[in-house]
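Going line by line, the protein sequences match chains E and Y.
FYI, our numbering numbers position 90 of the first sequence as 90, with every residue one higher than the one before it.
FYI, our numbering numbers position 49 of the second sequence as 49, with every residue one higher than the one before it.
It should be emphasised that the hints constitute simulated quantities derived from the structure, not laboratory data.
Treat each hint with caution, since some may be false.
[Said to hold, decoys possible] Here are some, though not all, of the chain E residues that point toward chain Y, as calculated from beta-carbon distances under 8 angstroms:
id, residue
1, Asp45
2, Asp214
3, Thr219
4, Gly317
[To be verified] Okay, the calculated bits of chain Y under chain E, using three or more residues with CB under 8 angstroms as the criterion:
id, segment
5, 42-48
6, 51-65
[Unchecked claim] Label pairs and their calculated CB-CB ranges:
id, chain 1, residue 1, chain 2, residue 2, range
7, E, Asp216, Y, Pro13, 46 to 56 angstroms
8, Y, Arg31, E, Asp118, 22 to 32 angstroms
9, E, Met48, Y, Leu57, 54 to 64 angstroms
Ideal Cβ positions, reconstructed from N, Cα and C, are used throughout, including at glycine.
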Amino acid sequence: MTTLEATNEYEALEQLHALGCTDGLPVVIPTADRVERMVLATGLDPDMSLGTMGPNQGDCTVEKLAAAAVMAGCLPDHAPVVVAAARAVIDPRFDLTEMQATTHAIAPLIIVNGPARDWCGLHGGFGALGPGYRANASIGRALRLAMINVGGGRSGTSDMALLGHPGKFTMCLGEDEDNSPFVPMHQMLGHDPNDSVVTVVGVDAPQSVICVTDADDPTTPDRMLGSLATALSSVTTNNAALRHGQAAVALNPDHAAVFAEAGHDLVSVRDAIVERAQVSGAALAQSAGVMGKIDPDRSYDCFERPEDLLVFVAGGGGLYSVVFPSWCAGPHRNRAVTVPIEVGQACEIPAFVNLRSEHL
Amino acid sequence: MRDGIRIARRGVPSVSLVTDEFWPQGDFVARSVGMPDAPRVRLPHPVAGTGVERMALVAGDIAQAIIDQLKG
């Protein structure tokens, strides 16, 4: 790994900005000792390669990733989550190289399940994707900085997103398992509920979907399913125009409770949204987003399989749940990837007790 | 919260109804507009959309608290 020299932290920061190593915001200077401590928190060898990050095909070693985590403001406790997130985007099914290079506005959404949410302080409630939550902000930012400095994704030269979206700075949350009436998403994906797991999916910016509930109206759950499906099958989204990609839905706890009261679980909610997420050929044919030939006399499924839609509970309780449409391109149509968070390899490092306030 | 404070400032007794989830925000708004002790009653969350029967139960639970606040 290249070592830079500077006489003070201000000069070092300006040097990192000038080299294009930041996301445009100030970073914590990744001094050798800070990076070394972050590496120790991963429990992995600094030279260990986690794989290559495109489009630069940079070798993502633990040390380079640790440098990104330091720069992002991560605590050592966050390191295993950052490693799992990096492993997820490196998985070929995620289509990182193509995703970094596309003109589409897409960014990795990191969803954390299990006990890691607690030890990291990951937030899943009100404003979980907004400002104010250190773990959410810094873990997502660490992945972005790795995608810039290891993967080489730089705007205008290798990251060709036409406008981008704010989630390209950071987009990470914990599922609000405590306020969910359902089993957590990672259990639905086949993991033990006591496992800590990261799921990463490349998505558009979150789109708010209004669902006004009425406990006296038995059609409420169906209407909610219809609204969520409509948001994911609008002809303006790639999920309708290109189809058969991945997407995600974040149900707020109030909406999740309405579904639970109606006898739904996460699987049935997911399946019902996917079933309803169809776009008519006539609507597509009249839209500006059509690629290829469209039969105006039939309808098209936006999703190939129910598993192509992630559903989880997050956010504050209220009128709005959120859908995250996606790109639906790349060799694998940018699939979501789930990776367990490994913590057993980390050793106890007493010095960390003081790192939070004094050094990081 | 803000409505209740504005009404109170016009000399009309008022009580704001604030659900659990929004209670901290109620405190914040009350402080920010200079009436930190503005009368308020706590409701369970959610209330909206929970149906007439449930809302009637909530109303029954808090009615006395509203009256008590108005009486000072």
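Taking the hints in turn, this is what the structure says about them:
no.: 1; hint: Asp45; result: violated, 45 angstroms
no.: 2; hint: Asp214; result: holds, 5 angstroms
no.: 3; hint: Thr219; result: violated, 13 angstroms
no.: 4; hint: Gly317; result: holds, 6 angstroms
no.: 5; hint: 42-48; result: holds (count 3)
no.: 6; hint: 51-65; result: holds (count 4)
no.: 7; hint: E:Asp216 / Y:Pro13: 46 to 56 angstroms; result: violated, 32 angstroms
no.: 8; hint: Y:Arg31 / E:Asp118: 22 to 32 angstroms; result: holds, 30 angstroms
no.: 9; hint: E:Met48 / Y:Leu57: 54 to 64 angstroms; result: holds, 59 angstroms
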